[in-house]
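For reference, the chains in residue letters:
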Amino acid sequence: MATAEPFLSMQGINKSFGNIPALIDASLEVREGEVMALIGQNGAGKSTMIKVLNGFSRKDAGTITVNGAPWAATSPEMAQRGGISTIFQEINLIPFRSVTENIYLGREIKTRLGLLDLRAMQAGARKLLAEFDIDVDVRRPLGEFSTAIQQMVAIARAVSFDARLVIMDEPTSSLDETEVGVLFETIRRLKAKRVAVVFVSHKLDELYAVCDRVTVMRDGRTVAVSTMADMTKLQLVATMLGRDLAEVRRAGATAFTEGTRTIGEELLSVQDLAVGRRVSDASLSVRRGEIVGLAGLLGAGRTETARAIYGASPHEKGSIRLEGKETDFTAPADAIKAGIGFCSEDRKHEGIIPGMSVRENLTLALLPALSRAGIVDESRQREIVLRFIKEIGIKCSSPEQKIRELSGGNQQKVLLARWLCMNPKLLILDEPTRGIDVGAKAEIQRLIRKLADDGLGVLMISSEIEEIVEGSDRVFVLRDGKMTAEFDGEAINEPAVMGAMAHGHGEVA
Amino acid sequence: MPRLHASAGFGALLALLLIIGFGAWRYDGFISEYNILTVLRYNSMFALVGLGMCFVIMTGGIDLSVGSVAALSSVVAAYLSPYGLIPGLLGGLAAGLAAGIINGFIISKMKILPFIATLATMLAASGVALLLSNQQSVPASYDTNFMALGQGDFALYAPEWVNGEDAGFFGAVIRIFLGFPIPAWIALFAYFLGSLILNRTAFGRHVLAVGGGEEASRLMGLPTDRTIFLVYVMSGFLAGMAGVILAAQFGAGQPIEGVGWELFAIASVVVGGTLLTGGKGSVGATLVGTLLLGILFTVLNFENGMGWISLSAYWQSVLRGGFLLVVVILQSRLTRSAAAA
Ligand SMILES: Nc1ncnc2c1ncn2[C@@H]1O[C@H](COP(=O)(O)OP(=O)(O)OP(=O)(O)O)[C@@H](O)[C@H]1O
Ligand SMILES: [Mg+2]
Numbered sequence: 001m002a003t004a005e006p007f008l009s010m011q012g013i014n015k016s017f018g019n020i021p022a023l024i025d026a027s028l029e030v031r032e033g034e035v036m037a038l039i040g041q042n043g044a045g046k047s048t049m050i051k052v053l054n055g056f057s058r059k060d061a062g063t064i065t066v067n068g069a070p071w072a073a074t075s076p077e078m079a080q081r082g083g084i085s086t087i088f089q090e091i092n093l094i095p096f097r098s099v100t101e102n103i104y105l106g107r108e109i110k111t112r113l114g115l116l117d118l119r120a121m122q123a124g125a126r127k128l129l130a131e132f133d134i135d136v137d138v139r140r141p142l143g144e145f146s147t148a149i150q151q152m153v154a155i156a157r158a159v160s161f162d163a164r165l166v167i168m169d170e171p172t173s174s175l176d177e178t179e180v181g182v183l184f185e186t187i188r189r190l191k192a193k194r195v196a197v198v199f200v201s202h203k204l205d206e207l208y209a210v211c212d213r214v215t216v217m218r219d220g221r222t223v224a225v226s227t228m229a230d231m232t233k234l235q236l237v238a239t240m241l242g243r244d245l246a247e248v249r250r251a252g253a254t255a256f257t258e259g260t261r262t263i264g265e266e267l268l269s270v271q272d273l274a275v276g277r278r279v280s281d282a283s284l285s286v287r288r289g290e291i292v293g294l295a296g297l298l299g300a301g302r303t304e305t306a307r308a309i310y311g312a313s314p315h316e317k318g319s320i321r322l323e324g325k326e327t328d329f330t331a332p333a334d335a336i337k338a339g340i341g342f343c344s345e346d347r348k349h350e351g352i353i354p355g356m357s358v359r360e361n362l363t364l365a366l367l368p369a370l371s372r373a374g375i376v377d378e379s380r381q382r383e384i385v386l387r388f389i390k391e392i393g394i395k396c397s398s399p400e401q402k403i404r405e406l407s408g409g410n411q412q413k414v415l416l417a418r419w420l421c422m423n424p425k426l427l428i429l430d431e432p433t434r435g436i437d438v439g440a441k442a443e444i445q446r447l448i449r450k451l452a453d454d455g456l457g458v459l460m461i462s463s464e465i466e467e468i469v470e471g472s473d474r475v476f477v478l479r480d481g482k483m484t485a486e487f488d489g490e491a492i493n494e495p496a497v498m499g500a501m502a503h504g505h506g507e508v509a
Numbered sequence: 001m002p003r004l005h006a007s008a009g010f011g012a013l014l015a016l017l018l019i020i021g022f023g024a025w026r027y028d029g030f031i032s033e034y035n036i037l038t039v040l041r042y043n044s045m046f047a048l049v050g051l052g053m054c055f056v057i058m059t060g061g062i063d064l065s066v067g068s069v070a071a072l073s074s075v076v077a078a079y080l081s082p083y084g085l086i087p088g089l090l091g092g093l094a095a096g097l098a099a100g101i102i103n104g105f106i107i108s109k110m111k112i113l114p115f116i117a118t119l120a121t122m123l124a125a126s127g128v129a130l131l132l133s134n135q136q137s138v139p140a141s142y143d144t145n146f147m148a149l150g151q152g153d154f155a156l157y158a159p160e161w162v163n164g165e166d167a168g169f170f171g172a173v174i175r176i177f178l179g180f181p182i183p184a185w186i187a188l189f190a191y192f193l194g195s196l197i198l199n200r201t202a203f204g205r206h207v208l209a210v211g212g213g214e215e216a217s218r219l220m221g222l223p224t225d226r227t228i229f230l231v232y233v234m235s236g237f238l239a240g241m242a243g244v245i246l247a248a249q250f251g252a253g254q255p256i257e258g259v260g261w262e263l264f265a266i267a268s269v270v271v272g273g274t275l276l277t278g279g280k281g282s283v284g285a286t287l288v289g290t291l292l293l294g295i296l297f298t299v300l301n302f303e304n305g306m307g308w309i310s311l312s313a314y315w316q317s318v319l320r321g322g323f324l325l326v327v328v329i330l331q332s333r334l335t336r337s338a339a340a341a
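Protein chains in written order, with my numbering: chain A, 1 to 509; chain B, 1 to 341.
Mixed in with the good hints, there may be bad ones.
[Claimed, not checked] A partial selection of chain A residues facing chain B, derived with a Cβ cut-off under 7 Å:
(1) Pro76
(2) Gln80
(3) Phe88
(4) Leu93
(5) Glu101
Derived by calculation from the structure, the hints in this document are not laboratory data. Glycine is no exception: its CB is placed at the ideal position from the N, C-alpha and C atoms.
Excised from the complex, chain B in its bound form:
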């Protein structure tokens, strides 16, 4: 079935299933409700950042600023959290949006290379976040329901019986469904919209066209500058959302968080089979990529927890890098053999 092989992210999906299978086989509690929900909650931030990065990369660009923009927006959101969930949310989103607009403007209008432009905003956003917060983490308010954005779920609304001993399969499904973390809902919704935008709107097709040939797109009369502008705005907005979740999940704005997020996001996009040079890519595969990297992290934690060996953070890094490489090679092999078939 060459079509199946060729579809973006097949290699990543395969790896994801393998690693989940491995985890389930080796560790107790890996497939527990608690572990699943924790993984989802934590990785929803990376999923959002990865989605923005995916659009940027599909135009052939790069956004290095996502991590520090998320940090900045977490600080802003935390400061505004005493006024309620909505002000906190909107504040954080606005910070991300502003960064995205600045990136988009510099890149599409002033024709500065994305790498350079977003490197500059990365440093600037980080600086602003540290200034605003006096280099301290900024506690978010527990008096409002702001934290729900990072930690909440709808389990409260579950009817009595699903928690009972005899809830059965159906009850369990409802329980998990309602226990699904709010940030994961947000990420899921974002991916649904993102996939719709990519596949079913003119803007989405223009993103791929610009990445596949900017000059040709311009000659075809496509609004290339606007398209490029918008992907950075999107990326900034999503990084802002991730920042809000960050603040709500850890109960504080984190000015020094977000270091390396951009690399993690790039990795999940690339593992999903999206071309770094642009023009080809998939939103769903990016989600798979994010989950793959996130679950890999969990597996390493479980391994440490088994007590046989103790992997230092450095060794974990090495292992993750190696694994990443294997997946990327697998992915390119699969695509190539499908192309030859």
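For reference, chain A alone in the conformation it holds in the complex:
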């Protein structure tokens, strides 16, 4: 293991945006054939570190060497040619273009005449994806497929470059367990070929499953480097957050504490719902003060069900009642007026408006309520924004910072705050803590609990069983578009919910 010279060495890296430092004397070393975990809170500087390495951003100071030689990539293209390929945090492919093109863009296969060899590329794409257990029509536009497939295509693309180092910035945030398994298999294969991997994730279990060593970052600095085996989960979390070990131990796995539960009358009731191709028969209900978990595998139809409730997709069959009245939302605006909030899983396309400030993004849905005769009450707006920035710890230089400059996790927090500040009756959360660090995740979970205790009804979709099991008062399980099980109170436990997700067993609702 102990090769004298690391494959990659980044030392004393500084990087500021304006006069706000994002990296301060940060370092990262990766050896050949090693899987290095890179972890840290939202905004710790992980993605920035990666972008400095692959030439997307320019560093202010520091040295980078690859194989002992100075590394001077000034663009991802150069980095790729130099043997370092990157899967970026947000899926960065072209939805309009075909799967094949998205895999081969930039290194097309050509015939002897210099024209594209479409057939060879399609065959290559099919073969490559088969290694990832994916079988899709590679000629279709990528945008027609689920986020998970898109993510797998991004991974396949990066891996297929014959790189010496593959960087994965939160590759698993939109994958389900099987897909994560396939990804891990790929990582092990890369490792066998002596390829180095940098793996960023907020899911600690994953790190223990595939990584050899870990580099921990906090506030732009590298604060610890260790072999994975030498650090317990608690130590890892404590180092990451810069807190006391004992304090972290007390907090537990998720922050859904047992509170005084006063569950009120029925708020939402969905009967025999059918939506598009994905959902054929879904029924569920949410009462006031209750957190209802909606579990299911990827593609089970959870998001579609939520979108129908929210008026974003029309439903063909069944009924949706809010406070006993049949709803007839034709657009999300109707649902918002009726007191429903919906925090989308796809923050990049449905959620944030990149060029607008944190303040504007946060209060976007609230604007009608904040303004009188079209004039926005700015002092109230600012007060609300500041309160939420503090309450859920959004890391930004000021409320006026553009949201696209925030780290991925912090963008997610702004989105969540957008709906929380509306004081809705019913809040639908689709993957509320995706890409959010363990510290902030606890904050958010605590907040959700508190809001529920104040009488809010919450419908929570999550791929993290732990979150569903510990956070929900009731759990519905969707499988292939059908509601297959309902669990209540004591009956909610991991094996039961997982069983229902996979096989549909359980107490049928």
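Once you have looked at the hints, place chain B with the ligands on chain A.
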């Protein structure tokens, strides 16, 4: 057949066939050899400009300068025409190329918005054309074979018998083939190359990728700046070619022609189903779009010629605008229903 419906330009093609059918039914001489060749000759200029615009729009950009660049290059070509066909041609192309390079440089390297950058070159090119020509049209030389670029065909090379009374169908085919205007050949060849470039070269795929997501393309390591640069160079070059044809067809460099060409080109691209925001588009559909708009124009002329009503140029404009709108709506309906199917 959802695939057929979804294919770009289906709505435009349908409209094109309808309007040709309408013309053939209503007007004598609409389907005559003379009328067909005239339409082709005249619209080959717009087809070339539309092709360049199509590539620009597929990257998500816009080129407002094409009209005045064509005017400029027609002036340059006319000045050089006494030296022969080749100097005239090369001169005109060089003028277009220069404008394209300037556009490409300002947009891709200096990161100026395409709308602004090409608005500036539009004004500048028009100014240069007026300066060069002293605000007069510049007669092109009849002593060289320069005019062939705009008016010529290969009919001279036709064997005797095809012009005879009993030439038959086969003879007619050969006659029309050889009588095909040279500018139309140029446009056809350009579209063939353009379609090859778009569909079968890496550059073509990069054009669509950049239009579909510039940031993502950059992150994927594509040469985005070079791609953007090249589409403006292409557009300038093709506008230059259109300018050469303009000079040769009207026998003079036309410093004040080209006004509104950019809008006509944008319209033919959009009617063909190419997304104005970039990332999706088709070269063939742009050709259909150009023909559609051109034939619409002819139909209105024929209508005037019938003498029932007299449409002023203004009314023609209104009618064309309305028709355009109908086609675009039809197009978007078809694509949407295909997507839902
Ligand atoms: N383009 C930018 N302009 C200004 N500030 C930026 C920009 N990009 C990143 N930052 C800031 O740099 C800091 C580090 O961000 P980075 O994206 O590296 O965090 P991260 O560790 O990847 O977090 P996450 O886990 O949320 O993805 C953040 O405070 C962020 O606001
Ligand atoms: Mg990040």
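Verification of the hints:
Proximity of Pro76 (chain A) to chain B holds as hinted, the smallest CB-CB distance being about 5 Å (cut-off 7 Å). Here the hint on Gln80 (chain A) is kept, as its CB sits about 5 Å from the closest CB of chain B, short of 7 Å. Evaluation of the Phe88 (chain A) hint against chain B yields a held restraint, the C-beta minimum of about 6 Å falling below 7 Å. Proximity of Leu93 (chain A) to chain B holds as hinted, the smallest CB-CB distance being about 6 Å (cut-off 7 Å).
Here the hint on Glu101 (chain A) is kept, as its CB sits about 6 Å from the closest CB of chain B, short of 7 Å.
Going down the numbered hints, you'll see the structure goes against none, and every one checks out.
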